[in-house]
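What follows is each chain in one-letter form.
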Amino acid sequence: MKHLDEYRDPHLAGKLIDKIKALSHRPVRLMEVCGTHTVSIFRSGIRSLLPPSITLLSGPGCPVCVTATEEIDKFIKLGQQKDTIVATFGDLVRVPGSSSSLQKERADGADIRVVYSTFDALDIARRNPSRTVVFLAVGFETTAPTIAAAVKETKKEGIGNFYIIPAHKIIPPAMEALLAGGELAIDGFICPGHVSVIIGADAYRPVADKYHIPCVVAGFEPVDILQTIYMLLSQIEEGKAIVEIQYRRAVNFTGNEKALALLSEVFETCDAPWRGLGTIPDSGLRLRDNYRALDIETKFDLTVPRTQDHPGCSCGDILRGVKTPLDCVLYRKVCTPSNPYGPCMVSTEGTCAAYYKYHD
Amino acid sequence: MCLAVPMQVLELKENTAVVDMGGTRKAVRLDAIDRPPTVGDYVIVHAGFAIHCIDEEEAKITLQYFEEIFADETSR
Ligand code: SF4
Ligand code: SF4
Chain A
1 MKHLDEYRDP HLAGKLIDKI KALSHRPVRL MEVCGTHTVS IFRSGIRSLL PPSITLLSGP
61 GCPVCVTATE EIDKFIKLGQ QKDTIVATFG DLVRVPGSSS SLQKERADGA DIRVVYSTFD
121 ALDIARRNPS RTVVFLAVGF ETTAPTIAAA VKETKKEGIG NFYIIPAHKI IPPAMEALLA
181 GGELAIDGFI CPGHVSVIIG ADAYRPVADK YHIPCVVAGF EPVDILQTIY MLLSQIEEGK
241 AIVEIQYRRA VNFTGNEKAL ALLSEVFETC DAPWRGLGTI PDSGLRLRDN YRALDIETKF
301 DLTVPRTQDH PGCSCGDILR GVKTPLDCVL YRKVCTPSNP YGPCMVSTEG TCAAYYKYHD
Chain B
361 MCLAVPMQVL ELKENTAVVD MGGTRKAVRL DAIDRPPTVG DYVIVHAGFA IHCIDEEEAK
421 ITLQYFEEIF ADETSR
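Chains as they are written, first to last, in my numbering: chain A, 1 to 360; chain B, 361 to 436.
Looking at chain B on its own, in the form it has when it is part of the complex (with noise of 0.2 Å):
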């Protein structure tokens, strides 16, 4: 129920930002982030809010993982 996954900041909007992840796009709320992303950064998204900001390099090895391992679930 926790999972978080990284997804690619495409805009930024006040206290919203539009998100991707392999084409889905979603806003997810910033309230929670640790710090401020900027376009192009990876967030850590949890629950519809970006709850850390991570570099990009180590989203992917992150994303990869949670893209097989939850490829086969129902999308929740």
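Bound-form chain A, shown alone (with noise of 0.2 Å):
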């Protein structure tokens, strides 16, 4: 395991941050949009490591996170249909709504089942007939194949009692509604691992050329994290704004064909609403016409009035990359893993929750 050494190397990420601050001469911030990453590096101390001009901002890099209030209400009002099981992955559960969240509900009752995936919400509705039953479809590019595949399986066997709530998001665009909301200074962008397997790193090509923001697509070591800014300094230094590829153990340019038909043919996109970024077009995905029968909307009237989050939550403020949860009047004081107020201290990979466990 002569190769896994290296990555493990106290004296490659020493020298790797010898190379770093020798590189740095200006102040630069850079934007970890994956979940998985912000995690990684606090869990590495890579923050403690960095010459001071170097600022690490985690932005909105968990689907968990990113679901807005609006949704998370839908997802509730469609737990107290009558005759529903709803089915879903098991951060959501515990997301506070503007009134309940879907854990509250389960013990008022509701149907809530949580599974580990897109199949297993499939056996529920064959092994229950009669009832209505729901997948609360959130995800990003990672997850969205997945679901797409269940859709099809749905359609083919001809199951008449599953659907789903179309919630997902897609990444590229986020990222896009970041630098052009200009709030936020970014000067280069720590690409995620896993969705870029998905989408390839081409799909980075817009943001680099149109605002001139270097993109690197980084592996989950703390060797990785270090190599790819690295690479981003020497970019910002030779004044480029490319797309490359640190994480080339699972990452190419153009990404996985199959995955990206299954969604294609099932999925379109459409404008989709974004915990703290508003509705940012063409970042969404529903069902095309073939398969629209499938989105439980058509079914039943899930319209929510309008939705406050908590006072006092500076979730969306964090996934903008403008506060840290240091700025946030709540955390740590009422708001804990144990008890959380927002989506970023309930996800694994919420800001938050990195934070409380990783920061004195």
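If you are wondering where the hints come from, they were derived from the structure by calculation, not from laboratory data. Note that the structure is predicted; figures quoted are calculated from it, not measured. Certain hints may be false.
So the derived label-pair ranges between C-beta atoms look like this [what the hints assert, rightly or not]:
id, chain 1, residue 1, chain 2, residue 2, range
1, B, Ala387, A, Glu265, 17 to 25 Å
2, B, Lys386, A, Ile242, 35 to 43 Å
3, A, Ala261, B, Gly383, 29 to 37 Å
Ideal Cβ positions, reconstructed from N, Cα and C, are used throughout, including at glycine.
Could you fit the two chains together into a complex? Lean on the hints.
Here it is in structure tokens:
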């Protein structure tokens, strides 16, 4: 395992840090888009090793965190329908909506089941033919193809009681929205590893070209991230803004064709609401006409009143990188992982949860 | 939520593979994988689906990191 040792070699990490220091001549702000990177950066103490001229910002990198309150409220309303089973990934259950959460609804008798995969949800539908089973389809490009596969299978098998609420988000438009907002100066993006497995690094070209921002797709080891920072600094120094891949062992430029074909067969892009970022054009996915009948909103009216996030919760600002959890008045005082006020404290990859766990 | 970990392929059936990570076995779907794996290959698994086939050495680098980073998390 020579290779692995290299990734763990403190010597190599030390060398990279020296190289980074030698290259930092001016203040730069780099944003990691992916929540797994946030956790990795905190856990390995990378922030404290970098020269003070480099600021690492956490972006909107977790699907649970960016799910808007209005979407959570819809999920809750769905849970209240008669004869309905809601199937969901685990983290969502604890996210507070404007007045309840799926967890509270479950305590009040709603049938809400945590699944590991969309096919587990499909199994629930097969075993409960007299009930309506709805999967809460959240996730980025890594997850969306798995949901597309379940949707196709539902149609093929003629399963009549399985539906989804499409609430996916796609990443590059959110990166553009952050830049277009103009409230935040970003000098480089540490691009998500596993989203890029599917979409390929070319997907960031518009960000790099239009906004002249260097983009590097990174792996999850501390040495991966240090090397990525070094690559970004080199680009900044040379005045370049191109897309590069550090995480070559899993990512290429064109992505996973099969998954992308599955995605575009079942879904088309649409505008979507993001927590903290508002509605971003073409940043969500809805079912194509051919599959539209599987959208639960063709069957139930799930319109919810306009909602308010918990007053005091700064998740929106944190997801835009304009605040850190330390700037939130509720952080640690009342908002903790066991009693979260906002999604950034619920999700393991949420910025508030990462701060809580690793920041003293 | 979108954690994707490398697991080794033990068996292949039509559209599923039985994979292993540190003694935990499960069946994953192959609908969205970039190229068909053979037994012994490592695949990156996300939410019950294999999404990418990678070589062993490289898989182990990523795998060990995830084992450490999420060892103390509640299983999801
Ligand atoms: S600490 Fe809690 S209340 Fe504050 S922003 Fe984070 S999740 Fe929201
Ligand atoms: S791997 Fe995907 S979901 Fe997980 S933190 Fe990264 S971008 Fe977010």
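Range first: 35 to 43 Å. Now tell me if the beta carbons of Lys386 (chain B) and Ile242 (chain A) are that far apart. holds, 39 Å
Satisfaction of the hinted span 29 to 37 Å by the C-beta atoms belonging to Ala261 (chain A) and Gly383 (chain B): At roughly 34 Å between Cβ atoms, Gly383 (chain B) and Ala261 (chain A) fall inside 29 to 37 Å, so the hint holds.
Whether the CB-CB distance between Ala387 (chain B) and Glu265 (chain A) falls inside 17 to 25 Å: holds, 24 Å
Taken one by one, the earlier hints all hold for this structure without exception.
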